[in-house]
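Residue numbers (our numbering), protein chains in the order written: chain A, 1 to 323; chain B, 1 to 764.
Keep in mind that the hints were calculated from the coordinates and are not lab data.
Quantities reported herein were computed from a predicted structural model and do not represent experimental measurements.
Incorrect hints may appear among the rest.
Beta-carbon label-pair distances, calculated as ranges [said to hold, decoys possible]: (1) A:256 / B:329: 37 to 43 Å; (2) A:181 / B:329: 28 to 34 Å; (3) B:590 / A:196: 49 to 55 Å; (4) A:322 / B:586: 23 to 29 Å; (5) A:223 / B:19: 26 to 32 Å.
Here a beta-carbon is modelled for each residue, glycine too, at the ideal position from N, C-alpha and C.
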Amino acid sequence: MMMRKIQLPFTQTQKVRYERAIERLQSLSSTVNSDASVIVTDTIPVNHEDAFLKGHGTSEVDGELLATVCGVVERVDKLVYVRTLRARYKPEVGDIVVGRVIEVAQKRWRVELNFTQDGVLMLSSMNMPDGSQRRRTSVDELNMRNIFVEHDVVCAEVRSIQHDGSLQLHARSQKYGKLEKGQLLKVDPYLVKRSKHHFHYIESLGIDLIIGCNGFIWVGEHVEVRDPVMMIDDQKDAEMISSSSSTKEQSHTPLETRQNICRIGNAIRVLSNLGFTVTVEVITETLNLSNSKNIDIHNMLGSEFHVVVAENEAERRREKRKK
Amino acid sequence: MNSETVWFNYGDVILVLLLQVHKQPCHIVYTDYRPTPLQHYVFPAGGSGLYLVVDEKAKFHEDSFQKSLNALVPANDGDKKRENGKSQKGLILGKLGEESDIFKLVKMIIQRQYDPVILFSFSKKECEALAMQMSKMDLNSDDEKDSVETIFTSAIDMLSDDDKKLPQVSNILPILKRGIGVHHSGLLPILKEVIEILFQGLIKCLFATETFSIGLNMPAKTVVFTNVRKFDGDKFRWLSSGEYIQMSGRAGRRGVDKRGICILMVDEKMEPAVAKSMLKGSADSLNSAFHLSYNMLLNQLRSEDGDPENLLSNSFFQFQADRAIPDIEKQIKALQEERDSMVIEEEESLRNYYNLILQYKSLKEDIREIVFSPKYCLPFLLPNRAVCLDCPSDNGEQQSFSIEDQDAWGVIMKFNKVKSLSEEILTVDVLTRCLVSRDGAGKKKIKPVPFKERGEPVVVSVPLSQVKSLSSAIMNIPKDYLQLEARENALKKVSELLSRHPDGIPLDPEVDMKIRISSYKKTVRRLEALENLFEKHKIAKSPLIAQKLKVLHMKEELTAKIKSLEKTVRSSTALAFKDELKARKRVLRRLGYITSDNVVELKGKVACEISSAEELTLTELMFSGVFKEAKVEELVSLLSCFVWRERLPDAAKPREELDLLFIQLQDTDRRAAEVQLTLFSPTHPRRFGSITVLSDNVAGRYRRREFCAFVQTGYNGGGVCVGKRLQVLRDHGDCSCFRRELDQSDKENGGSSTTAHRSCKIHR
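Extracted from the complex, chain B is given alone in its bound form:
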């Protein structure tokens, strides 16, 4: 297995994993072609026709793709389409008095008999809005309408009368009868089920969210993407090829249709490359999304066989990490060979010399840092002072290995303070000789060069870090330096100065600049000692010292690289998640869930059973007695905080009697979060304690009369989702066993009270 191997499908990866973990024979059955070929079309927004972009033989038609983009109504053509500001609205509303795009498209599909069709959109809201657009359309005959009604009413019969009056239930029948359906996670489960049944022939046109493409085997002849961009949490992005494959895979019923049709509604320009990679790209690579949870850890710990380390080492995550190792090892070997092939004479003494140079440089840098700290140098950054600059060498990386650096001399014009985000950066405008070159894009590149070389006299702005030393000489230079000659003259004066004093009369840090801190003196002394060593070093006089040093430097770099690679190998052979596992165990121990011998305690046993939400916080709440006094409604609304996932813009303030409970909840959550924060390494990205207090409208869930109102509070989806998750929380017997409390609150006897019952039921 090497990196060049292309995995044609996930099967191979899974196969290897299975063989490795189970050590049993395993067979793989797959087809590597599509039984019903797909045709991909583009429907440009505002346009009127379909453009074939990818045909059955998976050939991409560049020309027709361009044509389709040209048919796109230009976005800046304000009054034509985008008068509503958002592109999505154009899709829904269309131009006044004209049919919307989606309506036109569906009409076209029905005319060409491409039905049944699934239209994917990426939000529940949009999904419903689009379906409402179709209200004028009728796709079913009278017979079909009757059978829709029969199926619907027989399914709905099992609901209570109150529930039948829910708007979601009563509103959907008319559109279903016309052969149009909606399917998204916000629907009541029973409605979803009915729609799935009706889709086997009685719904011609289904508006669905992405969820419909996963897990259900509901193919249609045609699939329409109402948008090719989706919101992934922080921004709109193009669909990935994996998502595209998954959704377009619903097109073409095997054995019924000869080919499947896939239509993209494009409302803005897209590069052909983007389209190509989306339409023809391969499936998303399979990556492990495995993560640890306390619940998982506790359940592993409490059974005799359970061994979290073992679980982790057999995980797909670990498998993927392990697979990369041979590659890295090969790299290391290659690098080592390269390093060993470099032979240098007298390597030992050369290395000694090399280290000296490095030390020397770092010392110099230290000194420079002290001298050029704003505190000392600011009073001396006066105009007309001669300065020495560091010349960046041509090929940036190559360091020079002599103690003499190349200097560029110039004259300070003025210095500026540039305020950046975090701190002030000091820059100095210096008149110096520069090499001016123009790169391809026509950008001027200015680079100071040593004084003796050719170059134009230019004023450049350099950061203070590039200034090497300040001279005590202040030139007499006319203020006007706009003219080339004036600048030439100024530089001439600098060169005169240099010819008289080759070192440029530098400012003495101690005498002139009054730097008197001990660290400076110490560094200078060490520097002097080093300079002496250079003199004595015998190899310094050997010829070709520069080349040799360069080779040695490369060798050193290779060694560093090898070291870092070896480190990655070590860290991936070590168990992935090892640190997190340790940290989590520490948390559990600190909170008294497990003993120091990893034996699960009472609290741990309770947390074992809570799999649907924040096990630690819930357990802490339970043992701190919060649930003891609360009424059922209050409990429900309290627990709803754990399952609520959607943002509610205008969340009603909780009722006052709930305040206390919510405060307790937040306190407990914070406490649990604090323990976790202290025990996890501070760099750990996970956020703790993110539970927010929400409205108490969930309480209505259990008072039947209010259920209807409750469903409407959150936008149609949210409420149902929460209700479902609450059900899970409750059915599990997890938190507070509502029903049991109701039944048994009167039957207290023999020393087992309700509350104890509630918690003990779990650990019994």
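Isolated chain A (complex conformation):
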């Protein structure tokens, strides 16, 4: 709550409204665990009689357990650790991440993920473009640039974390892979909550939304996930067509879709600025709010909309608590 990065020119009324909304939010959240958030060298209260396990972000000094990072104290049975807020992404196996390819190396791509190291996506842990399953040959290695090149945005799953701390990715499904025709947004990783689904398809707008656990969010035009076998057939058809007409049609993203992408992108930016958790529900709500208030896309980042969203969020949480 303390780390909102707002540097907006508020008018006097906006400032008052904003502060009131934040106050209400804080009053709602503080009742649950007020002593949970700590800063460095804060003492974490533990029961010393009972054996406890000190975890990440803690250290025992003179018989007291101190926090070594800023964050929220978490307790699981006897394990006590501090979950950091404004820090780099901390991967877990099975996370969906969005990243940017920064290097094509031998048999692997290096992917920037806002982690302390670059993620590694091996050629062998990629589905072949034609869907066939076989050993990767040296020819495949030479053709790696046909799959991803530098600066491509890709989506993958965390496969494992090596003992040396390096991160292995895999993209063994049709829905992983290169992302095109859209926007990549970066928010703080702590704003993304792990949930069952990170891929979302907003049907009314024809837009795909991938909320990567590493805080990279992809907003792009919807792409049908297609069966590999079907794709081969399609390719054959396409080849026949192209040989006859010899003009390959470049698919075009309609203007409306582009506007929708920008609108969602700005909604996420606003939420990120305000330090609100980014979930698909909140995003669509913010989107609808902007539509109902007739706010232009470029005005969404203005101070007025920020205040509106903050008020709306305070209201939403209040309703939720009532239930």
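Given the coordinates of chain A, work out where chain B should sit on it, guided by the hints.
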């Protein structure tokens, strides 16, 4: 696909499954004959020769099988063979001063040049004992001996000096040199590997357990079954044809031998049918052994694609369940047609009447139950009282559909209490007219018949439930009823009574027996009302009522059958394991492994990594801080409890300093088990919390010096198996990361302590 289809091999089933799940083209390549034909012989225990039982053309020779059984030394011929009590010992020891059967057999095989040979036995112990029997035999030339030694020493070189002195290692070389080998799961992996290498020509005679028949491609010319019965956990049983096929399949090297030879050592009589089904039966049907585990469930839940339901619906188990459905549906259809073909006039009113009768009967039964509860009726079960019995009708199932039942009258002689396992059963000895018939086996069948019919007067013992009513009349009958005439006379008196009072003057339950509970009165009133209804019912007077009722009854039965079949269809279309899946998810939620939205939490992530043993208990242990203080040795011995599978008869008591740890372990285990028990349906057969505390000898595994002693504590196999599983547990980084603790216990800094490190390493 219908039920008549015989699956010649598993290929077809797998093919259909693959097509269904992957929706991709699939080809199947198979041979439906054996390239090297097999000959099956029997070697009777104590006998001296082989008898060909099944030849290359798969023909079963009944006569020679009989001959072989005749050659069997009779089991009751005590001093000849079974003086050692157990048949197995006879096999091993043989008669004093004479060679054992196995020795004779191996000698014969070598003489006839049927080597190499694999001898299967069903226990590790027996396997080794048999190999020791061969100590006098030498099957290798000097050249071969040298090459055995070279291979062996070069393989063993990679072991440390301490390990080379292990008895298992040092004892095996001499027998290997003579061309004899042993192979079972209790051997050190390196020894097993060496023996597998040597079997390519330098071992002529290998004693193995069943494991050798699965997964290794190690054919020999001859396969010997030292026994045809195996212990399957609770009893000795004949080998199944599937097991037989699997093991005999090792006989006959393709391209080397013209035919394979398969010898059964039989030490007791077996029916030719049993032998036939074993030797010529088909492979075991392929059944899914799929089961859910928490680990599997968590791993599915944590990945975005993962969907446990999807996994289950694509499982072979589900596939098998689905395949049965068309059959059942066909059955249902047939039954429905049959039901609809029955046409009855005035069905509605008839059904009404039918239901009335059923009600009437159940009410009567209720009353009877009250009257004949021991509390009320015992004082009246006096000798010489006239009673009315229910006559079981001839063809048991057919119910009579009139309100009048057939009664048999008789006289009580005495009543007995028979104590059965759970409760007392009351029986009454009644003198009555009975139909005595003898069935084929010469067993007397006695059945009371109605009084007017013909029959002999006999005393029968009937359960109290068969007594219909008691009469208030007490006859005056002489005590001596052994004579037929006396019995006739007694019955005559009963008939006289009946002719005077056709209803037999029944005891009035309320007045005589003093039954005053309200439920009785209520039932009687309802019964009276029902009787009135019968009077009024118009259909009661219609002719042929009995037949019509019978038809209706059959119809009702068909309907019930259809209903139950439909239920099975419904339950198999629903996901197999669905309930278990739900229950397991509930357990995980309760223990805080997943959230209510099925998102895997920290504890769940830890449990995800533990695949080798009790994931829930281990995770709970970890988070309750049990591993924090423990030393490496203690940890090892604690964890050994999870991997120990063998019973150790004389398990040493754990050392005292371990007591606390073990108590913690048991507590945690019990807690995890309790949660599971409450959330699973009570009928669920699985047992929870079965971890037992074992000795701490495993701790020695990591103190090299003691390894030798450790291996000897459990009988040769167990220790090695446990060691291996521990390795897996450890290599996985699963539980406590021993090495890491050792390395880093000093390097505590920056707020990541060892313990946290241990657990966090996993979830990081």
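* **Beta-carbon spacing of residue 590 (chain B) to residue 196 (chain A) - inside the hinted bounds 49 to 55 Å or not** => Taking Cβ atoms as reference, residue 590 (chain B) and residue 196 (chain A) lie about 19 Å apart, which means the hint is violated.
* **Cβ separation of residue 223 (chain A) and residue 19 (chain B), checked against the hinted range 26 to 32 Å** => holds (29 Å)
* Does 37 to 43 Å hold as the CB distance between residue 256 (chain A) and residue 329 (chain B), or does it fail? -> violated (51 Å)
* Whether the CB-CB distance between residue 181 (chain A) and residue 329 (chain B) falls inside 28 to 34 Å -> violated (49 Å)
* Cβ-Cβ distance between residue 322 (chain A) and residue 586 (chain B): within 23 to 29 Å? -> With a Cβ separation near 28 Å, residue 322 (chain A) and residue 586 (chain B) satisfy 23 to 29 Å, so the hint holds.
In terms of the numbered hints stated before, the structure departs from hints 1, 2 and 3, listed from lowest to highest.
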